[in-house]
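K.L.:
The whole structure should be built from the sequences, with the hints applied where relevant.
Chain by chain, the residues:
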Amino acid sequence: MNAQTTASGSTPAHRPAAYGGLYAELFEKEPAVLEVVSAGRLTPVGARPPIRAYLAQLWNRRHFLWAEARAKVTSGTRETLLGQAWLVVKPIMEGVAYYLIFGMLLSGSAGIENFLGYLVIGVFLFQFATQCVTGGARSIQSGRNLIRAFTFPRASLPISVVLRGVLNLVPTLAAMFLILLTLPEQERWTGAALLFPVVLALQTLFVTGLALLLARLTSMVPDLNQLIGVAMRFWLYGSAVFFSIERFEKYPWIVGLMEANPMYMVLDAARDCLLYGTVPAVSTWVGLSAWALGTLAVGFVFFWKGEETYGRA
Amino acid sequence: MAELDQVDPFAHATVAVQDVHVRYRVPSTDAAERRRKAGPLTRASRTVLGRQPMVLVRALSGISFVARSGEQIGLVGQNGSGKSTLLRIIAGLENPARGRVLAESTPVLIGVNAALVPDLSGEQNIRLGCLAMGMTPEQAEAAVPEVTELAGLGKSIYLPMKTYSSGMGARLRFAIATAANPHIMLIDEALATGDAAFKERSDARMQKLRDNAGTVFLVSHAAQTIEETCTRAIWLNYGRLVLDGPAEDVALRYRKWAWAIAKDRPEEARSIIEEAFAEREQTFVKVEEPPPGRLYTPRHVRPRATPRRATRESR
Numbered sequence: 459m460n461a462q463t464t465a466s467g468s469t470p471a472h473r474p475a476a477y478g479g480l481y482a483e484l485f486e487k488e489p490a491v492l493e494v495v496s497a498g499r500l501t502p503v504g505a506r507p508p509i510r511a512y513l514a515q516l517w518n519r520r521h522f523l524w525a526e527a528r529a530k531v532t533s534g535t536r537e538t539l540l541g542q543a544w545l546v547v548k549p550i551m552e553g554v555a556y557y558l559i560f561g562m563l564l565s566g567s568a569g570i571e572n573f574l575g576y577l578v579i580g581v582f583l584f585q586f587a588t589q590c591v592t593g594g595a596r597s598i599q600s601g602r603n604l605i606r607a608f609t610f611p612r613a614s615l616p617i618s619v620v621l622r623g624v625l626n627l628v629p630t631l632a633a634m635f636l637i638l639l640t641l642p643e644q645e646r647w648t649g650a651a652l653l654f655p656v657v658l659a660l661q662t663l664f665v666t667g668l669a670l671l672l673a674r675l676t677s678m679v680p681d682l683n684q685l686i687g688v689a690m691r692f693w694l695y696g697s698a699v700f701f702s703i704e705r706f707e708k709y710p711w712i713v714g715l716m717e718a719n720p721m722y723m724v725l726d727a728a729r730d731c732l733l734y735g736t737v738p739a740v741s742t743w744v745g746l747s748a749w750a751l752g753t754l755a756v757g758f759v760f761f762w763k764g765e766e767t768y769g770r771a
Numbered sequence: 056m057a058e059l060d061q062v063d064p065f066a067h068a069t070v071a072v073q074d075v076h077v078r079y080r081v082p083s084t085d086a087a088e089r090r091r092k093a094g095p096l097t098r099a100s101r102t103v104l105g106r107q108p109m110v111l112v113r114a115l116s117g118i119s120f121v122a123r124s125g126e127q128i129g130l131v132g133q134n135g136s137g138k139s140t141l142l143r144i145i146a147g148l149e150n151p152a153r154g155r156v157l158a159e160s161t162p163v164l165i166g167v168n169a170a171l172v173p174d175l176s177g178e179q180n181i182r183l184g185c186l187a188m189g190m191t192p193e194q195a196e197a198a199v200p201e202v203t204e205l206a207g208l209g210k211s212i213y214l215p216m217k218t219y220s221s222g223m224g225a226r227l228r229f230a231i232a233t234a235a236n237p238h239i240m241l242i243d244e245a246l247a248t249g250d251a252a253f254k255e256r257s258d259a260r261m262q263k264l265r266d267n268a269g270t271v272f273l274v275s276h277a278a279q280t281i282e283e284t285c286t287r288a289i290w291l292n293y294g295r296l297v298l299d300g301p302a303e304d305v306a307l308r309y310r311k312w313a314w315a316i317a318k319d320r321p322e323e324a325r326s327i328i329e330e331a332f333a334e335r336e337q338t339f340v341k342v343e344e345p346p347p348g349r350l351y352t353p354r355h356v357r358p359r360a361t362p363r364r365a366t367r368e369s370r
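Protein sequences, first through last, are from chains G and R. Start counting the first sequence at 459; every next residue gets the next number (the numbering used here). Start counting the second sequence at 56; every next residue gets the next number (the numbering used here).
One or more hints might be untrue.
Below 25 Å or equal to it, Euclidean Cα-Cα: the simulated SDA-like pairs (lysine to any residue) are [what the hints assert, rightly or not]: (1) R:Lys217 with G:Lys763; (2) G:Lys763 with R:Gly189; (3) R:Lys341 with G:Arg499; (4) R:Lys210 with R:Gly154; (5) R:Lys341 with G:Pro629; (6) G:Lys530 with G:Pro629; (7) R:Lys341 with G:Lys530; (8) G:Lys530 with R:Glu255.
The set of hints was computed from the structure by calculation and includes no laboratory data. Computed from a predicted structure; not experimentally measured.
P.N.:
As structure tokens, this is what we get:
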């Protein structure tokens with residue numbers, strides 16, 4: 459498919475290198491080799507594949523994503539004496555600490571029945587979102603070594619951060635259920651609890667979209683990384699993690715804003731399922747699904763559009 | 056040109072690099088750069104934000120060549136001449152500012168900075184590395200014994216990677232990267248770290264890869280390595296292609312030049328490099344686009360009883 463042709467006679471005259479390029483081309487007729495290759499057999503390297511091929515590539519890397527996430531989850535506790543036990547012990551201790559601070563000292567429980575359960579669900583699920591969002595936003599920078607060493611769909615990086623978050627969530631959830639079941643306050647366990655995994659799945663889709671979106675944004679403007687911590691703080695207080703939304707009843711616009719907030723929807727739905735034994739309202743389901751699928755679609759397409767830019771040093 | 060006759064006439068192009076330019080904008084602490092073309096406002100803002108003036112670095116300018124199957128191409132040049140950048144461009148890990156690279160299959164880069172997980176043992180890293188290259192878990196599992204044998208680390212393969220010496224790490228990376236049996240392999244200084252016993256094994260492995268009609272790119276400062284293991288060499292200097300030809304000739308000239316530089320004889324070095332520039336045959340790469348698919352296929356050439364979608368996908 460390729461041919462070599464020597465364009466002209468070869469008498470390499472000794473000439474200063476400074477007269478390269480055009481001069482030589484015009485006056486000296488330096489011997490040139492013309493190589494013809496066919497674009498049919500050779501394909502451009504590092505080009506952004508169409509979105510379906512991209513999805514297929516990602517799917518083919520699922521084993522790698524899983525193995526990597528598992529390796530990184532346990533590597534954090536490898537040098538401790540208790541090892542993997544910390545993955546369960548730490549969230550339990552955190553739950554107790556929050557209970558002591560918010561339940562006893564600050565008495566924020568005013569008007570909330572089963573405050574400890576309310577708090578534990580809020581704190582743990584929000585922590586999962588924080589982990590995924592901040593980690594996902596940093597994933598391109600922290601994965602630079604991998605990007606410069608292997609060819610793989612770059613969306614693997616934010617997605618593996620979310621996967622790691624999910625793996626971290628498993629022991630956290632175990633701790634959460636342990637707290638819910640052992641503490642004196644009574645929950646009403648009904649069939650609604652079976653809907654909890656659906657809520658979690660929607661939350662995972664939502665944070666995946668957000669991680670993809672922020673991963674590209676911070677690779678374009680690294681300064682955003684500094685702002686994400688502040689934004690997460692606002693979001694934490696805007697999602698009714700420690701207090702009830704009734705506190706803002708006098709300001710309907712704040713209530714409206716909070717109720718449109720996807721994380722509030724997640725926490726509300728999770729509490730309905732686990733604490734109050736009721737099926738979340740249809741409006742919550744619709745709103746949450748719209749947020750989850752919308753963010754995922756927008757985030758994924760936005761990230762994919764920038765696929766060729768992530769390798770820049 | 057005479058050496059081209061030795062090239063297997065049936066060897067086909069595996070990598071085509073067409074007029075590649077790479078530039079970086081990087082901060083510089085050069086005081087001269089600080090004074091250049093900067094108004095008081097610019098300087099004040101730099102002081103406040105603690106930023107350095109940005110300069111444009113041309114890492115590669117106008118590189119063109121075609122590599123064929125069965126070729127082992129050595130890249131020589133001093134530090135910072137653009138060898139590693141060229142490898143990253145060929146591997147598609149970075150995109151050039153201008154020009155393009157075409158390849159037959161995905162080139163695999165084996166670098167010294169290939170990130171493996173330091174907390175995991177060598178054995179676990181082999182599995183992870185194989186999966187990262189896109190193998191299935193079964194293929195990765197099957198590749199483990201072969202990789203372990205090539206790396207030749209003995210019982211150390213079960214110890215965490217972070218306890219390895221740099222040479223051991225480099226051997227493991229090399230072994231993992233060759234496990235995929237890549238058709239186009241790019242090696243960045245990986246061989247330089249191995250000891251004599253490993254060199255023997257890796258040479259055998261490289262020979263096997265070459266026999267499988269792979270194309271190998273090898274970066275090394277040691278011109279001797281290039282001479283011994285490569286069939287062709289490319290000399291880069293400050294991002295420009297100085298010479299592209301048979302390994303012995305290019306490596307010899309590069310060594311003479313490097314020797315002149317080392318002995319602080321800039322005139323001699325200059326004349327060597329100018330001579331090389333003059334003798335270089337400029338390569339132009341032309342990419343022939345395949346004929347575009349027709350919007351309308353006449354009825355008599357249409358495949359019968361096949362839905363339209365299937366034909367489009369099969370193309």
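K.L.:
Give a verdict on every hint.
P.N.:
Each hint tested on the structure:
1. R:Lys217 with G:Lys763: Given that 25 Å is the threshold and the Cα spacing comes to 36 Å, the pair is violated.
2. G:Lys763 with R:Gly189: 22 Å, holds
3. R:Lys341 with G:Arg499: 14 Å, holds
4. R:Lys210 with R:Gly154: 47 Å, violated
5. R:Lys341 with G:Pro629: 58 Å, violated
6. G:Lys530 with G:Pro629: Measuring from Cα to Cα gives roughly 15 Å; hence the hint holds.
7. R:Lys341 with G:Lys530: Violated. Lysine 341 of chain R to lysine 530 of chain G sits at ~46 Å, over the 25 Å cutoff.
8. G:Lys530 with R:Glu255: 35 Å, violated
Comparing the model with each numbered hint stated earlier shows that hints 1, 4, 5, 7 and 8 do not hold.
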